[in-house]
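Asker: Quick mapping for you: the protein sequence lines, in order, are chains A and F.
Under UniProt numbering, the first residue of the first sequence is numbered 1, with each subsequent residue one higher.
Under UniProt numbering, the first residue of the second sequence is numbered 1, with each subsequent residue one higher.
It is possible that some hints are incorrect.
Below 30 angstroms or equal to it, Euclidean Cα-Cα: the simulated DSS-like pairs (lysine-lysine) are [said to hold, decoys possible]:
id: 1; chain 1: F; residue 1: Lys236; chain 2: A; residue 2: Lys380
id: 2; chain 1: A; residue 1: Lys532; chain 2: A; residue 2: Lys935
id: 3; chain 1: A; residue 1: Lys833; chain 2: A; residue 2: Lys935
id: 4; chain 1: A; residue 1: Lys341; chain 2: A; residue 2: Lys384
id: 5; chain 1: A; residue 1: Lys913; chain 2: F; residue 2: Lys66
id: 6; chain 1: A; residue 1: Lys372; chain 2: A; residue 2: Lys384
id: 7; chain 1: F; residue 1: Lys73; chain 2: A; residue 2: Lys380
id: 8; chain 1: A; residue 1: Lys60; chain 2: A; residue 2: Lys384
id: 9; chain 1: A; residue 1: Lys854; chain 2: A; residue 2: Lys913
id: 10; chain 1: F; residue 1: Lys66; chain 2: A; residue 2: Lys532
id: 11; chain 1: A; residue 1: Lys221; chain 2: A; residue 2: Lys159
id: 12; chain 1: F; residue 1: Lys66; chain 2: A; residue 2: Lys854
id: 13; chain 1: A; residue 1: Lys372; chain 2: A; residue 2: Lys854
id: 14; chain 1: F; residue 1: Lys73; chain 2: A; residue 2: Lys339
id: 15; chain 1: A; residue 1: Lys372; chain 2: F; residue 2: Lys66
id: 16; chain 1: A; residue 1: Lys856; chain 2: A; residue 2: Lys532
id: 17; chain 1: A; residue 1: Lys532; chain 2: A; residue 2: Lys384
id: 18; chain 1: F; residue 1: Lys66; chain 2: A; residue 2: Lys339
id: 19; chain 1: A; residue 1: Lys532; chain 2: A; residue 2: Lys913
id: 20; chain 1: F; residue 1: Lys236; chain 2: A; residue 2: Lys384
id: 21; chain 1: A; residue 1: Lys913; chain 2: A; residue 2: Lys935
id: 22; chain 1: A; residue 1: Lys613; chain 2: A; residue 2: Lys532
id: 23; chain 1: A; residue 1: Lys380; chain 2: A; residue 2: Lys341
id: 24; chain 1: A; residue 1: Lys258; chain 2: A; residue 2: Lys221
id: 25; chain 1: A; residue 1: Lys341; chain 2: F; residue 2: Lys73
id: 26; chain 1: A; residue 1: Lys483; chain 2: A; residue 2: Lys935
id: 27; chain 1: A; residue 1: Lys384; chain 2: A; residue 2: Lys856
id: 28; chain 1: F; residue 1: Lys66; chain 2: A; residue 2: Lys341
id: 29; chain 1: A; residue 1: Lys856; chain 2: F; residue 2: Lys73
id: 30; chain 1: A; residue 1: Lys833; chain 2: F; residue 2: Lys73
id: 31; chain 1: A; residue 1: Lys372; chain 2: A; residue 2: Lys483
id: 32; chain 1: A; residue 1: Lys483; chain 2: A; residue 2: Lys159
id: 33; chain 1: A; residue 1: Lys833; chain 2: A; residue 2: Lys856
id: 34; chain 1: A; residue 1: Lys380; chain 2: A; residue 2: Lys532
id: 35; chain 1: A; residue 1: Lys372; chain 2: A; residue 2: Lys341
id: 36; chain 1: F; residue 1: Lys73; chain 2: A; residue 2: Lys372
id: 37; chain 1: A; residue 1: Lys60; chain 2: A; residue 2: Lys613
id: 38; chain 1: A; residue 1: Lys833; chain 2: A; residue 2: Lys532
Keep in mind the hints are simulated off the structure, nothing from the lab.
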Amino acid sequence: MASPTLGASRGSPDALPAGSASQEDEEGDSAGWTGSSGSCASASGSSDDLEPEWLDSVQKNGELLYLELSEGEEESLLPETPTVNHVRFSENEIIIEEDDYKERKKCEPKLKRFTKILKSKRLLPKRNNKKNSSDNGPVSILKHQSNQKTGVIIQQQYKDVNVYVNPKKLTVTKAKEQLRLLEVLVGIIHQTKWSWRRSERQGDGERLVVHGLSPGGSAMKSGQIVVGDVLVAVNDVDVTSENIERVLSCIPGPMQVKLTFENAYAVKKETNQLRKKKAQSNTNDLVKLLWGEEAGSIPQNMVDSPHIIMYLTLQLDSEISKEEQEILYHYPMSEASQKLKSVRGIFLTLCDMLENVTGTQVTSSSLFLNGKQIHVAYLKQSDKLLLIGLPAEEVPLPQLRNMIEDVAQTLTFMYGSLDRSFCQVENAARLDHFFTLFFQRALQPASPPPCASPSAWQYEASSAALLDNLPGVRWLTLPREIKVELDTALSDLEAADFAELSEDYYDMRRLYTILGSSLFYKGYLICSHLPKDDLVEIAAYCRHYGLLSLAAKQRIGQLIVWREVFPQHHLHLSADSSTEAFQEPEGRYFLLIVGLRHYMLCVLLEAGGCASKAIGNPGPDCIYVDQVRTTLHQLEGVDSHIDEHLASSPGPCLSCADWFLSGTREKTENLTASPILSRLQGPSRTAASPTCRRTLFGDYSLKTRKPSPSRSSGGSDNGCEGGEGAGLSPHTTLDAIQKQRDFPGSDCSEESGTLLKITKKKSTLPNPFHLGNLKKDPSEKELEIYNTMKLTSGPENTLFHYVALETVQGIFITPTHEEVAQLSGSIHSQLIKNFHQCCLSIRAVFQQTLMEEKNKALSGGDHADSTNSLSSLNPVKEYGVLFECSPENWTDQKKTPPVMAYWVVGRLFLHPKPQELYVCFHDSVTEIAIEMAFKLFFGLTL
Amino acid sequence: MGEEGTGGSVHLLCLAASSGVPLFCRSSRGGAPSRQQLPFSVIGSLNGVHMFGQNLEVQLSSARTKDTTVVWKSFHDSITLIVLSSEEGTSELKLERLLQMVFGAMEALSGFAEAMGTGFVSLMVSGRVVSATEGWWRLGTPEAVLLPWLVGSLPPQAARDYPVYLPHGSPTVPHRLLTLTLLPGLELCLLCGPRPPLSQLGPQLLERWWQPVLDPLRACLPLGPRGLPYGFPLHKDILGLLLLHLELKRCLFTVEPLGDKGPSPEQRRRLLRHFYALVTSTHFPPEPLEKVEDDVSRAQLPRACYLVLGPGEPGTGLRLIALQLGLRLLLLLLAPQSPTHGLRSLATHTLHTLSPLL
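Using the sequences plus the hints, can you model the full thing?
Answerer: Encoded structure:
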């Protein structure tokens, strides 16, 4: 398959895999593709009258994706090399000599380009001395730019690299891989099948362009070979794809081999070697940041795992019978995926036949490929069929169904329809990129970025399966003052009353009407003035391109995205509205996203209607961009407040599962001995604990004042029984007896010893919940804690996690990354993973219910239906699952490991408005989902 | 188990795996056998896609439309079974099991000739096994399920001598299923080889063995539909109950513990069946867990699962709860007035009281 190696994307130079391969400017934009990080911050900060730096990056079709990291961010990425590193994702073609490039250009239609991630700062004097170097062309992100201080770069046409190869290591290689000596032996990945197929043929063989370097291979170790280089000779023997395998197979034993490369771009060798390491790591960070993937070659496990996206036509032109003519688009090209491609007949037949037989469209099928179960989801639109196949192991069926809907929605939002996105030739490369990202998210959530904290990342990875496909946006509830401030700022922007935009100023119609805007901070929606449908579509777009997580992790110097979009909400309304209803103007819609630091402001613009009609493919208008950026600048002061609320969100307190397991009754009592808690629950609870220990821990709790941690199994359960006594369910008694057996009195001292350690450790944990509020005086602090919402009933907080989805406004709330990061623990992270998995299957049942309800509404409350529903499981409104878990690595053979039980409960509300709630809480207290929902959803408004 | 439905239709196709020649096709609609067969071309393509994939080393196992599920399964490379079901609440697992059952019912060869009748005896009331010898319980799952079905599906007779083939114990010889009606609705079943002839089981044998226990036998009779001993303490909210023992492969099933308020028995049965399909396909594996499992799934074991049905206000809507304790899995259908938070204790309690029975 096409590796996500950022330099190694398929396609012609023009049809770039969008984004990953931002492309050189065809205007020969020599000005400056590089820049020093020192200057870029100042540039991004100012919106002066100079020509904006992103202007050169606007593509032919008006689209723009321009990104600059902030100064601080870049320095942290590259601490020891304060200059440089201007990175751009680039395709090898670009890096190749310019004449070559232009030549190819001539024979092909000028295709549109997609992304640019670059610096272009021609107007700043500081960079003038670097122009020389930039003139040579862009610097690939995968290249290591030389030291800017020298200001001179010697361009070399060829370079020799000595690498060590050892054919003996090949014993593991199987026969069928014999054609890949280049990869196995040298560590250079060259994809023969498709790259260059249109452009570059020389004689019999293709040029051996380095499309990627396999990790740990000799080539990568050498540090001198970069993606985009062309291998021309091995030990002075000229090579092409035709003879390379033969040449390499002649290497008798371990030896140094001289590889001669045609330099795609000048690299000064000495500096290169020096800074290779640094640059590489920087590169990886940014690459991952944007595309969630390592630079370099694609991981083998992803190549091996069969996955495919196909867009097939069901209407075949019988006149021209061409092989594979029914395939309009497919990705990727890997061997495992070829197999799925080859059985497309199955999918086509099933789609056709099952619809005839059953009258309903096929939604999915499952098959076994090499013993691995693969689910294939179908989406039929008119006479075209979209198929996505993924291994069942990675993606359960309900998730896959959501994903295909999501893909269709996002593509429709971006291109107007699936047909338009798949059938237009110039889109192919963009789609390749789109689906590279898509499959990476689906198959590879498992590579922790070094920049984020492991727990936050783990949370992200385990929650993505559920949250990515919710029809809502992650919402952060903010206190009213901040909210008002944000609302005002957005309203001011939307009013478009500023001088240049007012119609009087130039005495002409304004270009665009601002339909609405929504503001994200670190990936959380904090304010939105957009209709729900638009909001959800825009958020899906941002999520797909990793913009939300980008803003969450890194401070953005400047991000500008501009593209025409097709919000279905507006387009559909205009299609079928009656005469009385509001008529949507026949306009065109544009999405403008401006990012600054952790903020991202998405603005939906309408051309036509009140504003003047858009002609052609207009690029972003400077005035609008500046205005949006100004709005973000206005909000600069607010972010510290928002950060505070991220750390201690007004949402309900959470407990960590590990506290319930590792602890014993002593711990419980001691924790509950905190002054605040005892105020909450009265004094009776603490009476039993020995005084000395209590004072010890009382001290601790005084110091940290943790309100939520509380309950553990043993003692408190006994206490509970007194309270719950009337319930007298046999299992409670049973449990209690069991627990008493588990924690006999003789063990107390030992247990308390371990407990001491635990609590001590905990107290050293930084707790932003408290530290963040240092400036407040103590009484206020206590009051705030006192007021913090506790979702669960009972004296202790037993809530582990929650997700609440509000579909009318298109938002959901769930604990913030910061909150979850505070509750670190191995059991807890497992629990969170399990919670999301379980919610996925619960939600699949709810979706069934929602669908039935919709059908019922459509059929006008048919009576036959209602009797029918009595005998099927629909409608399900509440679904709970009880899990038991015990600590890993329980070493004590004599005692059974302690067991903690917790519920995962999903609740679906149809009236008055559709809402979904998923909560996870400890088994000790009986909870009523409705009450929890009421507390959670209360006051949850945009 | 599979072939009744709520208006959906089920098509069962059996084809020779190598040639694709249809061996038989059965269809049912709304639970009743139907003459409406699938067109031959559809049968052909259903088999075709499966064969096509197989040639390319891709085993097609299932496909779903909005309301229909199709499952393919081939047995011993000789027979392909395809079932296409549009019943509500059909799960793939259920269809797959149905196919296994069908194959078992079809399997023509079996025989352990040494089984001489005495080892395999059971007493059945209304298709439920009341009591059986150890040998009978040791029958494989397919036989254990199919034999009561068979007995239940045959027209009532005083005595039968029926050739049966046991799919689980494989080879050649057909066995004889002898049934004797001891009392109306109460049958004695014997599984045996060529001997003894039915006549030998005649009156004298019966009288000698069964006369002394006639009273207990009579007491068994009314249990039929209820499936539980009379006066067995069950909570009044319980509308239906299914208790499975995963290792013994026995189950206790009733939808008429008491009263007949609420949904009809048929509806109750369907609800329980759908719920069983749901929980077995998501949380509780239908077979006992093997110990070899990765840590993650071991660390987070599902224990119970409940559903609240109905779109209405809180406090309305039937409840379903599944609870697994050791090797026992209990499924309960509960009346709307049963509080959600009490479901688990109710189920635990019920399971404990039922444990001696199974």
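Asker: Each hint needs a verdict: does it hold in this structure or not?
Answerer: Status of the hints after comparison with the structure:
A distance of roughly 49 angstroms separates the Cα atoms of F:Lys236 and A:Lys380; the hinted pair therefore is violated under the 30 angstroms criterion. For a cut-off of 30 angstroms, the pair hint linking A:Lys532 to A:Lys935 stands: about 23 angstroms separates their Cα positions. Taken as a hint, the A:Lys833 and A:Lys935 pair is honoured in the structure, with Cα atoms around 24 angstroms apart against an allowance of 30 angstroms. Between A:Lys341 and A:Lys384 the CA atoms are separated by roughly 16 angstroms; this keeps the pair inside 30 angstroms, and the hint holds.
Restraint check: the Cα-Cα separation between A:Lys913 and F:Lys66 comes to about 25 angstroms, which is no more than 30 angstroms; the hinted pair holds. Restraint check for A:Lys372 and A:Lys384: satisfied, since their Cα atoms lie roughly 28 angstroms apart, inside the 30 angstroms limit. About 26 angstroms separates the Cα atoms of F:Lys73 and A:Lys380, which keeps this hinted pair within 30 angstroms; it holds. For the hint linking A:Lys60 to A:Lys384, the alpha-carbon distance of about 29 angstroms falls within 30 angstroms, and the restraint holds.
Between A:Lys854 and A:Lys913 the CA atoms are separated by roughly 13 angstroms; this keeps the pair inside 30 angstroms, and the hint holds. Proposed proximity of F:Lys66 and A:Lys532 is supported: the alpha carbons are some 27 angstroms apart, at most 30 angstroms. A threshold of 30 angstroms between alpha carbons decides the hint, and for A:Lys221 with A:Lys159 the separation of about 16 angstroms falls inside it, so the pair holds. For a cut-off of 30 angstroms, the pair hint linking F:Lys66 to A:Lys854 stands: about 14 angstroms separates their Cα positions.
Between A:Lys372 and A:Lys854, the direct Cα distance comes to roughly 36 angstroms. Violation of the 30 angstroms bound is thereby established for this hinted pair. Restraint check for F:Lys73 and A:Lys339: satisfied, since their Cα atoms lie roughly 21 angstroms apart, inside the 30 angstroms limit. Restraint check for A:Lys372 and F:Lys66: satisfied, since their Cα atoms lie roughly 25 angstroms apart, inside the 30 angstroms limit. For the hint linking A:Lys856 to A:Lys532, the alpha-carbon distance of about 24 angstroms falls within 30 angstroms, and the restraint holds.
With a C-alpha separation of about 28 angstroms, the suggested pair A:Lys532 and A:Lys384 falls inside the 30 angstroms cut-off, and the hint holds. For the proposed pair F:Lys66 and A:Lys339, the alpha carbon gap of about 27 angstroms is at most 30 angstroms, so the pair holds. Proposed proximity of A:Lys532 and A:Lys913 is supported: the alpha carbons are some 14 angstroms apart, at most 30 angstroms. Between the alpha carbons of F:Lys236 and A:Lys384 the distance comes to roughly 55 angstroms, so the proposed pair goes past 30 angstroms and is violated.
For a cut-off of 30 angstroms, the pair hint linking A:Lys913 to A:Lys935 stands: about 16 angstroms separates their Cα positions. Taken as a hint, the A:Lys613 and A:Lys532 pair is honoured in the structure, with Cα atoms around 25 angstroms apart against an allowance of 30 angstroms. At roughly 17 angstroms between alpha-carbon atoms, A:Lys380 and A:Lys341 fall within 30 angstroms of each other, so this suggested pair holds. For the suggested pair A:Lys258 and A:Lys221, the alpha carbons sit about 14 angstroms apart, so the restraint of at most 30 angstroms is met.
For the hint linking A:Lys341 to F:Lys73, the alpha-carbon distance of about 22 angstroms falls within 30 angstroms, and the restraint holds. With a C-alpha separation of about 20 angstroms, the suggested pairing of A:Lys483 with A:Lys935 holds against the 30 angstroms cut-off. For the suggested pair A:Lys384 and A:Lys856, the alpha carbons sit about 28 angstroms apart, so the restraint of at most 30 angstroms is met. For the suggested pair F:Lys66 and A:Lys341, the alpha carbons sit about 24 angstroms apart, so the restraint of at most 30 angstroms is met.
Using a Cα cut-off of 30 angstroms, the hinted pair A:Lys856 and F:Lys73 is violated, with the two alpha carbons roughly 35 angstroms apart. The suggested pairing of A:Lys833 with F:Lys73 is violated, with an alpha-carbon distance near 33 angstroms, which exceeds 30 angstroms. Only pairs whose Cα atoms come within 30 angstroms are accepted, and A:Lys372 paired with A:Lys483 is rejected, the gap being roughly 50 angstroms. The hinted pair formed by A:Lys483 and A:Lys159 fails the criterion: a straight-line CA distance of about 59 angstroms is larger than 30 angstroms.
For the hint linking A:Lys833 to A:Lys856, the alpha-carbon distance of about 35 angstroms lies beyond 30 angstroms, and the restraint is violated. For the proposed pair A:Lys380 and A:Lys532, the alpha carbon gap of about 25 angstroms is at most 30 angstroms, so the pair holds. Proximity of A:Lys372 to A:Lys341 is assessed by CA-CA distance (about 16 angstroms); at most 30 angstroms being required, the pair is judged to hold. The suggested pairing of F:Lys73 with A:Lys372 holds, with an alpha-carbon distance near 16 angstroms, which does not exceed 30 angstroms.
With a C-alpha separation of about 19 angstroms, the suggested pair A:Lys60 and A:Lys613 falls inside the 30 angstroms cut-off, and the hint holds. Between the alpha carbons of A:Lys833 and A:Lys532 the distance comes to roughly 28 angstroms, so the proposed pair stays at or under 30 angstroms and holds.
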